[in-house]
Amino acid sequence: YNTIVNKKSFTAVIDNSPDRGACIDVRDGANPEFYCNDITGGAAIGVLCQLKGRGRFWRNTIRSNHVGVHIDTEAAPHFEQNVIQDNTRGGGLNVTNGGRGHIVRNTIANNGPCNVVIGTGGSPTLADNVIFSLPDTGEMEKKFMSVSVTSGGTATLRGNLFLGSGTTALDITAAADPLVQRNHFYGLWEQCILIQKQGRGRIANNHVAHAPTAIRIDGAGADPVVEANTIFGCWNAGIVAVAGGGGVFRRNILTLNAPSQVVVRGSATSPHLEDNEIFDGPRTGIGVEHGAQPVLVRNAIFRHAHANVHVLSKGAPVVRSNSIRHGALVGILIEQSGAGLFEGNAIGSNREAGVRVLSGGAPTLLANNISGNAATGI
Numbered sequence: 188y189n190t191i192v193n194k195k196s197f198t199a200v201i202d203n204s205p206d207r208g209a210c211i212d213v214r215d216g217a218n219p220e221f222y223c224n225d226i227t228g229g230a231a232i233g234v235l236c237q238l239k240g241r242g243r244f245w246r247n248t249i250r251s252n253h254v255g256v257h258i259d260t261e262a263a264p265h266f267e268q269n270v271i272q273d274n275t276r277g278g279g280l281n282v283t284n285g286g287r288g289h290i291v292r293n294t295i296a297n298n299g300p301c302n303v304v305i306g307t308g309g310s311p312t313l314a315d316n317v318i319f320s321l322p323d324t325g326e327m328e329k330k331f332m333s334v335s336v337t338s339g340g341t342a343t344l345r346g347n348l349f350l351g352s353g354t355t356a357l358d359i360t361a362a363a364d365p366l367v368q369r370n371h372f373y374g375l376w377e378q379c380i381l382i383q384k385q386g387r388g389r390i391a392n393n394h395v396a397h398a399p400t401a402i403r404i405d406g407a408g409a410d411p412v413v414e415a416n417t418i419f420g421c422w423n424a425g426i427v428a429v430a431g432g433g434g435v436f437r438r439n440i441l442t443l444n445a446p447s448q449v450v451v452r453g454s455a456t457s458p459h460l461e462d463n464e465i466f467d468g469p470r471t472g473i474g475v476e477h478g479a480q481p482v483l484v485r486n487a488i489f490r491h492a493h494a495n496v497h498v499l500s501k502g503a504p505v506v507r508s509n510s511i512r513h514g515a516l517v518g519i520l521i522e523q524s525g526a527g528l529f530e531g532n533a534i535g536s537n538r539e540a541g542v543r544v545l546s547g548g549a550p551t552l553l554a555n556n557i558s559g560n561a562a563t564g565i
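Heads up: the sequence shown begins at 188 in our numbering, then just goes up one per residue.
These are computed hints drawn from the structure, not numbers from a lab.
Keep in mind it's a predicted model, so treat the numbers as computed, not measured.
Treat the hints loosely; a few may be bogus.
Label pairs and their in silico Cβ distance ranges [as the list claims (entries may be wrong)]:
1) Thr312 with Gln385: 18 to 28 Å
2) Gly308 with Gly559: 50 to 60 Å
3) Ser524 with Gly285: 42 to 52 Å
4) Arg246 with Arg470: 47 to 57 Å
5) Val412 with Thr312: 12 to 22 Å
6) Asn218 with Arg438: 34 to 44 Å
Built from N, CA and C at the ideal position, the CB exists for glycine as well.
Build the full structure now, drawing on both the sequences and the hints.
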């Protein structure tokens, strides 16, 4: 029940000294315990764990510092049931230079510009935390990312609840390779999960819902594995891959995302989608456009209001062994110089045409089963 304050100048953070103006500094293998303290008002850092420092921090409030918690240089503390909030200059939790540790069942809220930054080889485990952000100003909302994994970070994020608004709930960039598993993402994020700039990672068994866009893959080298997620109720798209983005998407469920459940756009954009269920969209199941070349294998794509698969503007997918059924208008629509190879698909029970080719479309159809479409097959 102590109040722990350090008003040392913030400039101490940027020199090379290990003394960085922290309220609490744990280093050199030390292993203290801090319970139920108020750690506040630090001109630099609330809690600094460095140089293989450890420690157990339980039910503390860490607030109104420049940085809430910084784990650095192979330190490995345990933080549980703390409130880390309103550290608005350098973030709530930073993990760098081989820092590790377990961050479990904490509330991490309204820290800026990020709630959590994991970089330069950081590899903590964040489990069962509530991480939320409600930026006060329009300017902060435009730039705010809740969690950023960057610069080769390899964190494990499991069972967390992401809430709030801003640019991105989880940003994976610069060769970061985290495991993101069984989390829940909700809120007014421009995109809940953004993988860019050679970011990778395994994104598995998450629920992502009721946001503008669920997952965005942006740029050459962005190459995650995205599997067994449930993505629903997003109003710009469920999954967007653009500008050369790749990745493997398998065994996901996408439903009620508008206007397209999946959008693949741009030359050399070539994700691989296999064994997904994509259904009940208010417009399009999968849209392929502007030269994109995705590979679609063994997906079930059904009950979309406009087209189950829509290829346009020189899109050229490879579409093999999919079930494309029960479209309110057409199963597959190719137009505006769209092309692609469609092989071995079951295309049936669509209300109008199974396959409709318009305005310069030039697909290759090989060994498909096209039957039971109400108006015409092709």
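Which numbered conditions among the earlier hints are violated in the structure presented, ordered from lowest to highest? Checked against the structure, no hint fails, so every one of them is satisfied.
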